[in-house]
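> Sequences and hints are given; from them, build the entire structure.
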Amino acid sequence: MIKTAPSEYRVTAPRNLGAVFGRVRTSGPFLWILPAGLCVLFIFGYSVFDLVQQSFKYQGDWVGFENFSLVLTDPLFRTAIFHNFLLLFTVPILAVMSFTCAVLLFETRKGMKFYRSAVFLPYILPIPVIGVVFGQLLQLNGALNSALRAMGFESLALDWLGDPKQALWTMSGIIIWKEVGFGTILILARLISIPLETMEAARIDGAGFFRLHLQVTLPQLRAVILFYIINESIVMVSWVFNYVYVMTNGQGGPGNATVVSELYIYRSAFQNNAPELAATAALLLLLATLVFIIGFFRIQRNMSKGVFDD
Amino acid sequence: MKITGKAIAAGSAVAVLLSTFSLIGASASVDPKKAFPTKPVTLTMWWWGEQEAPGAQAWVDATVAAYKKKRPNVTIKTVLQTTDGLVPGFAAAAAAKSGPDLQYFWGGIYSQQPGWDGQIAPVSDYIPASELKHYINATTELSFQGKIWTAPWYVNPSFPVLARTDILSKYNQKVPKTWTELLKVCDVLSKEGVPTLAGGVKDGWFGGWLYSIIGGQSVTNKDVVAAVVGKQKFTDAKHADWWTRLQETKDRKCWNSDINSLELYQAQQLWKDGKAAMTVVAGPDAPNFANAVGASKVVVMAMPKWSTGQFAGKMGSTSQTIGITQWSKNKEVAADFIMFGHEKAQLDSWYNLTGSMPADDRFDLNSVKDPVKKALFKSALPGAPYLENFIPAQLDADAVFTNVQLVLAGTKTGKAAAADMQAVMERLRKTDRSLVKNFTAWNK
Numbered sequence: 001m002i003k004t005a006p007s008e009y010r011v012t013a014p015r016n017l018g019a020v021f022g023r024v025r026t027s028g029p030f031l032w033i034l035p036a037g038l039c040v041l042f043i044f045g046y047s048v049f050d051l052v053q054q055s056f057k058y059q060g061d062w063v064g065f066e067n068f069s070l071v072l073t074d075p076l077f078r079t080a081i082f083h084n085f086l087l088l089f090t091v092p093i094l095a096v097m098s099f100t101c102a103v104l105l106f107e108t109r110k111g112m113k114f115y116r117s118a119v120f121l122p123y124i125l126p127i128p129v130i131g132v133v134f135g136q137l138l139q140l141n142g143a144l145n146s147a148l149r150a151m152g153f154e155s156l157a158l159d160w161l162g163d164p165k166q167a168l169w170t171m172s173g174i175i176i177w178k179e180v181g182f183g184t185i186l187i188l189a190r191l192i193s194i195p196l197e198t199m200e201a202a203r204i205d206g207a208g209f210f211r212l213h214l215q216v217t218l219p220q221l222r223a224v225i226l227f228y229i230i231n232e233s234i235v236m237v238s239w240v241f242n243y244v245y246v247m248t249n250g251q252g253g254p255g256n257a258t259v260v261s262e263l264y265i266y267r268s269a270f271q272n273n274a275p276e277l278a279a280t281a282a283l284l285l286l287l288a289t290l291v292f293i294i295g296f297f298r299i300q301r302n303m304s305k306g307v308f309d310d
Numbered sequence: 001m002k003i004t005g006k007a008i009a010a011g012s013a014v015a016v017l018l019s020t021f022s023l024i025g026a027s028a029s030v031d032p033k034k035a036f037p038t039k040p041v042t043l044t045m046w047w048w049g050e051q052e053a054p055g056a057q058a059w060v061d062a063t064v065a066a067y068k069k070k071r072p073n074v075t076i077k078t079v080l081q082t083t084d085g086l087v088p089g090f091a092a093a094a095a096a097k098s099g100p101d102l103q104y105f106w107g108g109i110y111s112q113q114p115g116w117d118g119q120i121a122p123v124s125d126y127i128p129a130s131e132l133k134h135y136i137n138a139t140t141e142l143s144f145q146g147k148i149w150t151a152p153w154y155v156n157p158s159f160p161v162l163a164r165t166d167i168l169s170k171y172n173q174k175v176p177k178t179w180t181e182l183l184k185v186c187d188v189l190s191k192e193g194v195p196t197l198a199g200g201v202k203d204g205w206f207g208g209w210l211y212s213i214i215g216g217q218s219v220t221n222k223d224v225v226a227a228v229v230g231k232q233k234f235t236d237a238k239h240a241d242w243w244t245r246l247q248e249t250k251d252r253k254c255w256n257s258d259i260n261s262l263e264l265y266q267a268q269q270l271w272k273d274g275k276a277a278m279t280v281v282a283g284p285d286a287p288n289f290a291n292a293v294g295a296s297k298v299v300v301m302a303m304p305k306w307s308t309g310q311f312a313g314k315m316g317s318t319s320q321t322i323g324i325t326q327w328s329k330n331k332e333v334a335a336d337f338i339m340f341g342h343e344k345a346q347l348d349s350w351y352n353l354t355g356s357m358p359a360d361d362r363f364d365l366n367s368v369k370d371p372v373k374k375a376l377f378k379s380a381l382p383g384a385p386y387l388e389n390f391i392p393a394q395l396d397a398d399a400v401f402t403n404v405q406l407v408l409a410g411t412k413t414g415k416a417a418a419a420d421m422q423a424v425m426e427r428l429r430k431t432d433r434s435l436v437k438n439f440t441a442w443n444k
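Chain order of the listed sequences is A and B.
Quick note on numbering: the first sequence equals residues 1 to 310 in the numbering used here.
Quick note on numbering: the second sequence equals residues 1 to 444 in the numbering used here.
Certain hints may be false.
[Said to hold, decoys possible] If you only want the chain A side, here are some residues facing chain B, beta carbon under 7 Å, derived: (1) LEU140; (2) ASN141; (3) ASP159; (4) LEU161; (5) GLY162; (6) GLN251; (7) ASN256.
[Stated by the list, open to error] Capping the alpha-carbon separation at 25 Å, the derived lysine-lysine pairs in PhoX-like fashion look like this: (8) B:LYS415 to A:LYS165; (9) B:LYS253 to A:LYS165; (10) B:LYS314 to B:LYS250; (11) B:LYS430 to A:LYS57; (12) B:LYS378 to B:LYS133; (13) B:LYS250 to A:LYS165; (14) B:LYS97 to A:LYS57; (15) A:LYS57 to B:LYS437.
By construction, these hints were calculated from the structure, which means they are not laboratory data.
Glycine is no exception: its CB is placed at the ideal position from the N, C-alpha and C atoms.
Next comes the structure, spelled out in structure tokens:
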């Protein structure tokens, strides 16, 4: 007969250890991210709390929704928000261009590395450098217009950044030029990971270039393209300050032709000595950005599922 | 919880921007005067001026070195600011209550506002009145309820028009003295493809200059402050007519066609290069411009007259200044350095290194031999009030800079610009709830 340990010892020890390991298994990841999480919560949580607080005060005194009323009725704020909205129209253009560039790079046999670097290069250039270069290049009598005039295209030689009717669209063009590299590399990375057999099968079935990429490739890139669209939407709503600042000397000009919401916030806080209005506008911008952030995480979740499904 | 946590993390970009927004108003009280410290002291000075008075950097370096010899326990670190970064940089420092001990300020509202906001201590609390009375323009632009916020450093005759006689005579034109003459010159030169006036408004600043030298002809600084507080309107004829004059310069093709895509300093180069007949420059830099093309070919003058107002045909005068920050722990030392800069050796050194006029009536004008400089300096003693310094900085940026750009782009009329300026002012009185009180007190 085999002797066994006393029942209370035999039963309790393994069960308790299992429970502990189980708990560690489930709460472990949270413990690991706790220090970083607290740090993030403190830095950003405090900032947001302070922001909310300031937006309801004027020089330390509680003023209720007065600041919100002032900001929302400010024609300049509305103009700025409208410009951010207009910039959103560049997002589909960016998506189409990035997809096209990625496919062309994918199909390029020779010199793919060179072309890939060339497309990605603008994305890694510092925005101040871009601002200075394009500021010079796009002057009415700058290099671009001189070249256009020399080629006989006088009517195309516009005052790209100096004419209020064109300045925002010129700015959009520069943003597209810079941001398209990111999308291209992102989509190309996913494109390369698609099993070649799928494409080979489509080709054997007679799919041409356009049909192959529109009906076979594109559906498989949906998740990553959606991610890129959401990311760029956030950029257009709350991340174009640098472009506007460096290309218009912090003015958002000519007139208010290129004022965006971030510039409005910056000018309110640091030029116009109105931190409360800046905080209010920033809070409104944060709320607007949240819409995209929520979308961003949903897409990200779907994309993760998509990757595993693939 | 899931979304909130992610949102906060992903919204970090916005939050980072906002984390610095806790701007605060410091107490207006100042420390009582103390004995000069004997322990090591380090002061930081953020300054600007090399841009309009080339040679200022050399003067700052030499003066700091000379002060070190006089006060071996004091070290002064100097940081040259950019034009676009001067005001926002100081605003950020004031929000954090740390940064420079000594800060450069333009005159008028640019010195008043930091004082009203409790960001600077009045220099009159640390510099004796017997000394301050020698500082040019200290009482005109910088005083508030018996105190003087900042100490004038150098005089900025604001702003001289430079005319090149060689270019004008090439087209049989004389230097225009009146507005009508100016427009006629524009008609002739534009047909030849030569801009009469070179300017650049991309960076906005030149708009403020134009407001002061064209708009200043029909009003006084008292009128302007009255319009700011709502007792007059910027649409009243005497305030608004200058916008029509500005539109006339656009309609008559007076300017270089690329005025909206050039910064001011880039445009002035056109004049130096002989591609434009006239330009407007910063007062301290005018002699350098004149000498660069040959002083004998240059006439330094005020903007041609269009009005019969008190200051029509006169040059404005403002002093660029240095202030002491409220958070400085060594205000007496900072004041001592400012006074050191006004000693005879430093005044002479400033003139020798920059060719511009120190803001001190003890500077011997007889030592100035250059006729261009002499005429310029005399025009600033006393000059007309420099109008841009008497309006809120936000009105300047949001109404003057922007509307000048639009009028010169041809997309807005002068009348619409005046209406917009009035609308911006009315709005400002609502958003800056201390504005009327402060401007009224300043104007008394």
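> Determine for every hint whether it applies to the structure shown.
Right, here's what the structure says about each hint:
1. LEU140: Where the cut-off is 7 Å and the nearest Cβ of chain B is about 4 Å from A:LEU140, the hint holds.
2. ASN141: With a minimum Cβ separation of about 5 Å from chain B (threshold 7 Å), the hint on A:ASN141 holds.
3. ASP159: Holds. Min distance 6 Å.
4. LEU161: holds (6 Å)
5. GLY162: Because about 3 Å separates A:GLY162 from the closest Cβ in chain B, which is inside the 7 Å limit, the hint holds.
6. GLN251: holds (5 Å)
7. ASN256: holds (6 Å)
8. B:LYS415 to A:LYS165: holds (20 Å)
9. B:LYS253 to A:LYS165: holds (20 Å)
10. B:LYS314 to B:LYS250: holds (23 Å)
11. B:LYS430 to A:LYS57: holds (15 Å)
12. B:LYS378 to B:LYS133: Between B:LYS378 and B:LYS133 the Cα gap is close to 19 Å, so the pair holds against 25 Å.
13. B:LYS250 to A:LYS165: holds (18 Å)
14. B:LYS97 to A:LYS57: holds (20 Å)
15. A:LYS57 to B:LYS437: holds (19 Å)
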